[in-house]
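Given the structure of chain U, go ahead and fit chain V onto it with the hints provided.
2 protein chains.
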Amino acid sequence: MKTGSEDNLENYLSQRRALVEEALERLIPGEENAPSLLFRAMRYSLFAGGKRLRPILCLAGAEAAGGDPASVLPAACALECIHTYSLIHDDLPAMDDDDLRRGKPTCHKVFGEATAILAGDALLTQAFTLLADPRHMPSLPPLTRVKVIAEIGKAAGPFGMVGGQVMDMAPPEGRGEVSFLDAMHRRKTGAMIRVSVVAGAMLCGGDPMTIKALSSYGERIGLAFQIADDILDVTGDPGELGKGTGGDRRLGKVTYPAVMGLEASRRRMADLVDGALTDLEGLDERAHPLRGIAKFIMERKS
Amino acid sequence: MKTGSEDNLENYLSQRRALVEEALERLIPGEENAPSLLFRAMRYSLFAGGKRLRPILCLAGAEAAGGDPASVLPAACALECIHTYSLIHDDLPAMDDDDLRRGKPTCHKVFGEATAILAGDALLTQAFTLLADPRHMPSLPPLTRVKVIAEIGKAAGPFGMVGGQVMDMAPPEGRGEVSFLDAMHRRKTGAMIRVSVVAGAMLCGGDPMTIKALSSYGERIGLAFQIADDILDVTGDPGELGKGTGGDRRLGKVTYPAVMGLEASRRRMADLVDGALTDLEGLDERAHPLRGIAKFIMERKS
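Chains U and V, in that order, give the protein sequences.
Heads up: the first sequence begins at 0 in numbering that gives the first Met the number 0, then just goes up one per residue.
Heads up: the second sequence begins at 0 in numbering that gives the first Met the number 0, then just goes up one per residue.
No lab work stands behind these hints, which were simulated from the structure alone.
Mixed in with the good hints, there may be bad ones.
One copy or two, either will do: identical chains are not told apart, so a pair holds if it fits within one copy or between any two.
[Said to hold, decoys possible] Listed next, the in silico SDA-like pairs over lysine to any residue satisfying Cα-Cα at most 25 Å (straight line):
| id | residue 1 | residue 2 |
| --- | --- | --- |
| 1 | 252 | 95 |
| 2 | 50 | 265 |
| 3 | 146 | 279 |
| 4 | 146 | 32 |
| 5 | 50 | 179 |
| 6 | 153 | 21 |
| 7 | 146 | 29 |
| 8 | 108 | 92 |
| 9 | 153 | 112 |
| 10 | 211 | 49 |
| 11 | 50 | 233 |
| 12 | 300 | 46 |
| 13 | 153 | 39 |
| 14 | 211 | 285 |
| 15 | 108 | 96 |
This is chain U alone, in the form it adopts within the complex (with noise of 0.2 Å):
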């Protein structure tokens, strides 16, 4: 698929969310499944209305490691199911204490904080079904999937994204250098959006030097994105964004634009973009969606 303009790029990735709506509304258990609560509780965060951006980027791994992006989408939908946890139990009272997530109210406002805990703990663990049930993937070689969950389980545990969220706790004194916000985010944000690439193309059986390439993409632009992120929430706009800016200063959140400044940061982006593209040169032309990918998570708005 070319995604040479921004029509384009609109376009495949409005198609590839709707494989991993349908396939999320397939894979994943139903209301009518006991305790009803549950499960109502998973879906309701799950189908909230995210970019689906992890999963996107999964099918993505996949086809420019030359394979088919539809035969890993149990993957993608676990690594949706991982980030929609984290959401979850981030928005808890406990943590940042959130009544709101992309203008709905957050799933302990609605359900209650025992039921979000467990509904996170469920995804968290539906996930990892996800991945090892063989009846998922069932062409799959075993040692493929093992080294596959190996993978995630370290991008979402405590020495990646669970580590990330308690070194976020730490008082703000402690974190103003960039070097800290890096490593923060490498773990925070990073290591899964770098997992659900290289994923992608493990599942496909991608050679080792496109996983190093795709590896070294998906750590710029995991980084590039929380960047982008920061920058948004001083410059967006409210409509856009489906919520209010200037929160992470009201939180005392620090952020690239307050160690380095906007500008400092706008360039680092365009850099850790500039350097995602390059570390694709060797690949052809079933990388462009990540090459579109990467240019969308600069400008885009939302």
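Same frame as chain U, now just chain V:
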């Protein structure tokens, strides 16, 4: 190992416990890792003096299937990580709001709620990493590994433990039936106990007949274990239990003694243990530890 007398069983359990402690110490990342706060919280709860019933059942399942118990230690540790995460989240203010567990302050009392939630998340994720990482149990066939991960995921997830926890939050009037109690406990505690035995045997290449026998055994002792718990809360010695008794009634929890009376609960438990012993009839002396554990569950004082 013979477990004919009570002394032998005590020896067996404490030797097995020592194996598990040593493996946990070795396999769970230390506090020198960053962020130290997270690893401290994980290890605080993991080394808070549990009975290690699930990992010991995993080792005993391996032995009953003719395997080397030491070879399944990483999986045994993963099961204990999942158990510990469930206790940490269960104790949270939004859930059971417990200040003490086994006489020690609960994770959130020591580290705060946010860190406790994340320590639970990290332990759950780390469990799957332990199971999947090919550096652990290196000679295990990948297909077996994948099947075990899927089984454990199912037992821990919305159709197993987490689902049971949500059922446990249902209002007392909806749950005065033995059938509801059975269904809830089969998921809340039974599923993980069952899968602990079964995983041990699967990892050692146990044949389908053995797996089936151990699955039935595990289901029965899982339920017997819960009935024993409920009985101990009524009749136990607070000194031996390390906590007060009568807590279930004060919390308005529906228990087996409350629903069917103390004597009928004792009979039900004895019948389940008898059934579990019958399940093992086709197995040789290598299933002796499992026989001992079944009796131990019925006779335990704490």
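How the hints compare with the structure:
Within a single copy, residue 252 and residue 95 get their C-alpha atoms as close as 11 Å, which meets the 25 Å cut-off; across copies the closest is 32 Å, which misses it. For the identical chains of this complex, residue 50 and residue 265 are intra-copy neighbours only, at 22 Å inside a copy versus 54 Å across copies, given an alpha-carbon limit of 25 Å. Within a single copy, residue 146 and residue 279 get their C-alpha atoms as close as 23 Å, which meets the 25 Å cut-off; across copies the closest is 35 Å, which misses it. Taking the shortest Cα distances, residue 146 and residue 32 sit within 25 Å of each other only across copies (23 Å), while inside one copy they are farther apart (31 Å).
In the homo-oligomer, the alpha carbons of residue 50 and residue 179 never lie at most 25 Å apart, since the shortest distance is 27 Å inside one protomer and 40 Å across protomers. Proximity of residue 153 to residue 21 under the C-alpha cut-off of 25 Å is restricted to the inter-copy arrangement: shortest distance 23 Å between copies versus 28 Å within a copy. Proximity of residue 146 to residue 29 under the C-alpha cut-off of 25 Å is restricted to the inter-copy arrangement: shortest distance 24 Å between copies versus 29 Å within a copy. With identical chains, the CA atoms of residue 108 and residue 92 are at most 25 Å apart both within one copy (10 Å) and between copies (16 Å).
In the homo-oligomer, the alpha carbons of residue 153 and residue 112 lie at most 25 Å apart only across protomers (23 Å), although the nearest pairing inside one protomer, at 27 Å, exceeds that limit. For the homomeric pair residue 211 and residue 49, neither the shortest alpha-carbon distance inside one copy (28 Å) nor that between copies (42 Å) is at most 25 Å. For the identical chains of this complex, residue 50 and residue 233 are intra-copy neighbours only, at 21 Å inside a copy versus 52 Å across copies, given an alpha-carbon limit of 25 Å. Taking CA atoms no more than 25 Å apart as the test, residue 300 paired with residue 46 passes inside one copy only; the shortest distance there is 21 Å, against 47 Å between copies.
In this assembly of identical chains, the alpha carbons of residue 153 and residue 39 lie at most 25 Å apart only when taken from different copies (18 Å versus 28 Å within one copy). Taking the shortest alpha-carbon separations for residue 211 and residue 285, only the intra-copy value of 16 Å comes in at or below 25 Å, while the best inter-copy value is 47 Å. For a Cα distance limit of 25 Å, the shortest separation of residue 108 from residue 96 qualifies both inside one copy, at 10 Å, and across copies, at 19 Å.
Hint check: violations occur at hints 5, 10; the rest are consistent with the structure.
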